[in-house]
Amino acid sequence: MNALLKEIRHNPLLWLLVFVPAVFGAHALEPEAHTLLFALSVFAIVPLAALLSHATESVAAKTGDAIGGLLNATLGNLTELVIALTALSAGQYVLVKASIAGAIVTNTLFMLGASFLLGGLKYHTQEYNRINARFQAGLLFLATIALLVPSAVTEADSAPAAAFTQQLSVGLSVLLIVGYGLGLLFSLKTHREVFASADSGESHETPWPMGLALAVLVGVTVLVALTSEIFVESVQQAALDLGMSQAFVGFIVVALVGGAAEMASAFSGARKNRLDLSVGIALGSAAQIALFVAPVLVLISYVIGPTPMNLQFWPGAVVMMFFATLTAALCTNSGRATWFVGVLVLMVYTIFAMTLYLLPPRVQ
Amino acid sequence: MNALLKEIRHNPLLWLLVFVPAVFGAHALEPEAHTLLFALSVFAIVPLAALLSHATESVAAKTGDAIGGLLNATLGNLTELVIALTALSAGQYVLVKASIAGAIVTNTLFMLGASFLLGGLKYHTQEYNRINARFQAGLLFLATIALLVPSAVTEADSAPAAAFTQQLSVGLSVLLIVGYGLGLLFSLKTHREVFASADSGESHETPWPMGLALAVLVGVTVLVALTSEIFVESVQQAALDLGMSQAFVGFIVVALVGGAAEMASAFSGARKNRLDLSVGIALGSAAQIALFVAPVLVLISYVIGPTPMNLQFWPGAVVMMFFATLTAALCTNSGRATWFVGVLVLMVYTIFAMTLYLLPPRVQ
Amino acid sequence: MNALLKEIRHNPLLWLLVFVPAVFGAHALEPEAHTLLFALSVFAIVPLAALLSHATESVAAKTGDAIGGLLNATLGNLTELVIALTALSAGQYVLVKASIAGAIVTNTLFMLGASFLLGGLKYHTQEYNRINARFQAGLLFLATIALLVPSAVTEADSAPAAAFTQQLSVGLSVLLIVGYGLGLLFSLKTHREVFASADSGESHETPWPMGLALAVLVGVTVLVALTSEIFVESVQQAALDLGMSQAFVGFIVVALVGGAAEMASAFSGARKNRLDLSVGIALGSAAQIALFVAPVLVLISYVIGPTPMNLQFWPGAVVMMFFATLTAALCTNSGRATWFVGVLVLMVYTIFAMTLYLLPPRVQ
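Chains as they are written, first to last, in my numbering: chain A, 289 to 652; chain B, 289 to 652; chain C, 289 to 652.
No lab work stands behind these hints, which were simulated from the structure alone. Be aware that one or more of the hints could be misleading.
Repeated chains share a single entry, so a pair holds when one copy, or any two copies, can fit it.
What the hints assert, rightly or not - Each computed SDA-like pair below joins lysine to any residue, with the alpha-carbon atoms no more than 20 Å apart: (1) LYS410 <-> LEU473; (2) LYS410 <-> LEU476; (3) LYS350 <-> LEU366.
Working from the sequences, and respecting the hints, build out all of it.
In structure tokens form, the structure reads like this:
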């Protein structure tokens, strides 16, 4: 417990934890103040995500390389998963899908681009292990094809058969999870050595003791779930009040909130000239959402959702995911980065954000 | 003749030749047993394709480098050409196009991916001459643009002018054949030396004497043509009976059948750590179908088809060809392969196959 | 003045200047002879563009590296800009957009491909600084996404909100100009050294004295503007008379005319084994049009056009720009060129030109 308090004292991000009781209090007193609840829940989720991330890494550090890698790989986006599960059980599939697509695009473009820019402002040229970048980009490319081809194939058809879409979504989900599992086998086991420099960087924070880590993991997950509920309830009305399209909120706001903790790590890595770490977090996290979180949500929707969810995304989201992946693949191809590469990647993100922001509400 | 019998004794694939008389017998006795005829003709074409392939290589080996290369390059996909010609003269343009697109996708993804996987299970990392891979990927890229742009340009138009499509198809066909010819000039003549390591691997089977090779070439081509006729007649009804969409049959089944002989060579090359050979066969064969077989079929359709055939493919097929080419280009860029690269490529293929398998019959 | 006359005597391209008085004379005598005026104005613009280009370089050479680079970067496509401004003030937005898209595609494919081919016919293999190529391809990639995403996002919508398109166009225009400015900062200032070999080649013509250069710059710009007016007036009717679609004229003819002077430099560089120069001109010019000329036209249209122009291009043009950029990115990735790479790139261009030429008039 002491370790936890010490951590909170030294990490300004965690001071935002004060918003956790605030959001619950406000919800009890003013359940209709949507914009306020939306803002409070956003600020509350950021420090909770940071705690979750630290707890996961602590458990992983204690359990040895293979299991630890597996834990990091499955729980690394626990926050995004919990938010999405909450939205799923509320039947808000548009929000779930927007937040999945947004998390992929935001991690691939904003987190990567800002890391390049921040690092590049300090160092003339930075180098990193491009093998890991290529590996993650390959996984993302696979996921993009999985999301794109079904839409492309049924596009011509006026009324795509719902049964077809649903069967295909289940099949693709299983395929992506298998692909993700084999990717872990490849990177953690059979070809571990080529990923060496990228992995060694993870353990830069003092791990917590096992008991504390597990307690935080369980307790904070519950808090995230409760906060997400308020967030999901309020987001739609708040978006209307703030004049933002729902697509913008799901794609940009939720994704930035859910990924804030990881961004802090990625940016600090870039400033310390450890771009391996930044690239690994950015692309690794995007790949995890695309190949693990999204398909798991589809499969879980059969149990908890009002109706099953499919993997068919809004065409605009698919186009953005495709270009985000292509941008990441082309930019990380050389294993070098300068500030201008960061600018280019951030500008692609800005194009997407601007388009979504200006989008008339009825178009989703 | 002795050489032929010896070959048959030592090559288990050729034992399938027993299906050749079987399919003719069955067709004479039960002309309406579509599913049986379909299965028998599939099994009969596989060993015939292997014989054709060996005969072509034998003739090529005797005629010296330049003419031999040319022969291999034009007759290498004789089986696919004969099947497509049979379907063409029966006016089954949907099947012709599906089998062309399917052969490109299957060679690019399944043959390449399985070679990487099979090789990678035996060797930790494999290297190959990436110049040849880039060259073939470049040809494929050109063909993909030739098939994609006309569709993209007329997409907005409600009723694409048939005359426009037909004129453009002839123009593009001539262009692709010229491109293919210049590619042969480049790889066999002006810049032969950079392709050296890739080519040297072809002569791993004892070539037959010229007389036998020519006799087999002519005789087996006739047998393939006769078997194809039964195959083309039965495939549509069999697909219905087996519950497979026609797109799946044309794209996946025909392509796997037509390419079985080449796959055997590619896989055996990969297991012997001669990935140059495997990559060369997979991408070279795909490029040959896209830049030679397909445009030749369009031009021939003016002579033998009921009406001229155009180069406008079903949008889903174009999307698959584009992604197959992009996957091959990105994966062969580094000149190295591991088992996981094979898994990724095979998974892209599985996504396509799964989509086509589940596709409701009315969508083509 | 002597320097100018000497230049004209030694440069056969400038003998075409005789067409400048010819077009004005013809316009005064036969204002309805559209096809004649169209042809005369085309031939008149080519030598004027060459003079403009030399004048810009002369001014740039006198003003030192940084300002000179900036001048070259902003005035390098002055001809295209003046033609487009004339069409803009005449409210011919379809022609403006076609000529922008055409200039990008023509520079990226025709100028690059022909340089590779011409150089490759003389030298077995040519090498060049691929850093500059990657940089320019990156800028082009950004511009392509900026033009593509808005169309893709609103595609599903039956009646895209005009206000949305207009706001987005202004936002994207500002973004692209900022991106272009930061790119200049990167290539001319912070990372100048990596572009070294590409830049050194520019000063191969004797610069004119400052006074002459400025006088030519102003005088010839006026002549180009006057000629463009006749060109823009006559092009539509002439296209009809010559049986060419308007898309073909804007895309191919205008682009070849506007870029003739730069092509002469690029091709001469390739024949002298200075491919750095050719690649720099081809891709640099395309990037300049995409990130500077096009957005400036959108912003200027608020002042001089009858109604504001947006950045939404005809889908076929967007597809062509995307594939032109992808082709350039893939082809220049290795930093080496042979004649066959040139053939491949030229064939992609031929596919586009053929499609546009055969396109029925009503489809644009």
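| field | Structure versus earlier hints, numbers of those that do not hold, lowest first | value | The structure breaks none of the hints.
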